[in-house]
Each structure stands twice: as C-alpha cells, then as structure tokens.
Amino acid sequence: MIGRRLALGLGLALLAGCAKQAPSRVDPAAHDAFFVWAGVKPGPALDRARTIYLLDGEVRHDRPGVLVPLRPQAPRLRRADVWLTVRAERLDWGEGVYRRLLADAARWEANGNRLVGVQVDFDAATRGLGRYAEFLADLRRRLPAKYRLSVTGLMDWSANGDPAQFARLKGVVDEVVVQTYQGRRTIPGYAGYMRRLMRLPIPYRIALVEGGEWRAPAGLEQDPEFRGYVVFLLPA
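Quick note: to get the working numbering, add 2 to the position in the sequence shown (first position is 1).
The reader is advised that the hints may include incorrect statements.
FRET-style restraints, in silico, Cβ to Cβ [what the hints assert, rightly or not]:
hint	residue 1	residue 2	range
1	LEU222	GLU111	28 to 38 Å
2	GLY194	TYR100	33 to 43 Å
3	VAL70	SER26	15 to 25 Å
4	ALA193	PRO74	38 to 48 Å
5	GLU111	GLY191	33 to 43 Å
6	GLY213	ALA112	30 to 40 Å
What the hints contain is simulated information worked out from the structure, not anything from laboratory work. As the structure is a prediction and not an experimental result, all values here were calculated from the model. Backbone N, C-alpha and C define an ideal beta-carbon position, used for all residues, glycine too.
From just these sequences and the hints, can you work out the full model?
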C-alpha cells in the first residue's frame with residue numbers, strides 16, 4: 003500500500019510539474035504594448051496601453067510609388083507612445099511613399115499623438131539582411147532625428163543570420179520586434195528559435211499573437227537587450 007501511495011504521489015507531482023511548464027495563452031489584459039492593424043476596434047486593452055504600433059498604410063507589390071492609406075484619418079491616442087507602422091511588400095519605394103510617410107507623421111503629431119517613431123513591417127529573408135540594412139540606412143537618413151526607427155523581424159534571423167549583417171543594423175534601427183506567429187497562430191517550434199535569440203546585438207521585443215501559445219524561454223528576462231512584449235490584436 004505504501005508503495006502504491008508513493009507511486010501515486012510521484013505521479014501527481016510529475017503532472018503538477020508538467021502543468022507548470024505547459025504553455026499559456028496570450029491574454030492582452032496581461033500586456034501593455036500592442037500591434038493594431040486595420041479592422042481592429044479599440045477595446046479595454048488599448049485604454050491602458052503604454053505603447054501602440056498603429057498600421058498607417060502599405061507599399062504593395064504593384065504600386066511601389068504609393069503609400070496606400072489604410073487609416074481614413076489621423077488617430078488620437080494621447081496616453082500612449084505611438085509608432086507609425088508601414089507594411090511593405092517591396093523595398094524600392096518611390097519618392098511619393100516617403101513624402102506621404104513624412105506628411106502622415108506630421109499630421110499624427112499635430113493631432114496630439116505622442117509619436118515616437120516609424121516602424122517598417124517587412125518580411126526580410128535572413129539571406130537578404132544586407133540589402134535590407136541598406137534600405138533602412140537610407141530611410142534613417144530621410145527621417146527627422148526626433149523619430150526612432152523600428153522593424154519587425156523573423157525568428158529565423160536569430161537562428162541563421164550572419165552576425166556581420168546584424169552589425170549593419172545596429173546603429174540604424176532602434177529596435178527589432180521579433181514575430182513568433184503567422185496569421186492567427188504561434189509558429190510551431192518557436193522555443194528552439196527563442197533559445198538562440200540572444201544572438202541579436204540590438205534591443206528587441208517579442209511579438210505574440212492574441213490567444214496564441216507562449217512559454218518564455220529561460221533567461222529571457224535577464225537579457226539586457228530584451229525590451230518586453232508586443233501583442234498582435236485580432237479583429238473581433
């Protein structure tokens with residue numbers, strides 16, 4: 003009987019340990035930084051947000067000279083730091099894109115927003131980081147010095163990226179927001195990529211999708227370059 007009780011106790015202890023290690027679901031209520039794309043309505047999460055990445059427009063494959071607007075008017079978000087985000091499908095931007103980008107930034111500030119910078123959301127392939135760094139350096143030169151520059155990044159960057167290419171990004175971008183999801187789901191196997199994330203010599207945040215799976219890797223909170231999380235809010 004004692005042996006059975008001991009075995010049962012060990013089994014329960016193992017199950018409890020597994021439960022503690024099980025991934026949790028991303029709850030916006032536990033965070034204060036968010037991606038807000040077109041179609042997402044303001045909710046309780048945004049009422050207490052400290053940082054908001056707000057999609058302004060897109061540079062599309064078939065229209066490299068135009069920043070296609072996705073927001074009919076300038077936002078009014080006075081209690082949070084705001085990043086103006088441009089989603090890009092290509093990097094050979096025409097001059098019209100830059101003019102519209104700077105005009106939108108000025109309009110957002112004039113509307114009372116605390117605009118801290120511009121973010122580029124572009125899925126740069128790991129092998130293409132050199133070309134991306136050249137594009138970003140040119141964009142940095144065009145932006146007023148008061149604006150910071152942020153980019154989204156793929157998890158593969160930290161796993162297979164060339165340290166020399168990372169060095170080219172350092173000093174040009176102020177942060178990388180590493181995406182752990184695709185669409186509405188967390189990318190399977192993210193834990194393996196996260197273990198190598200400390201290779202990034204640049205301040206970074208980790209982007210999580212609302213309701214997605216997440217378990218923080220050991221040592222993440224102690225990484226001096228880690229700046230916290232950003233939650234991608236889903237349309238209702």
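task: Using the Cβ atoms, figure out if ALA193 sits within 38 to 48 Å of PRO74.
output: With Cβ atoms ~40 Å apart, the hint holds.
query: Is it true that the C-beta distance of GLY194 to TYR100 lies inside 33 to 43 Å, as the hint says?
result: holds (38 Å)
- request: Take a look at whether the Cβ-Cβ distance between LEU222 and GLU111 falls inside 28 to 38 Å.
  value: holds (34 Å)
- request: Could you see if the CB distance from GLU111 to GLY191 stays within 33 to 43 Å?
  value: holds (41 Å)
task: Evaluate the given range 15 to 25 Å for the C-beta pair formed by VAL70 and SER26.
output: Because 37 Å falls outside the window, the suggested range is violated.
ALA112 and GLY213 - C-beta distance against the hinted 30 to 40 Å: holds (36 Å)
Comparing the model with each numbered hint stated earlier shows that hint 3 is the single one that does not hold.
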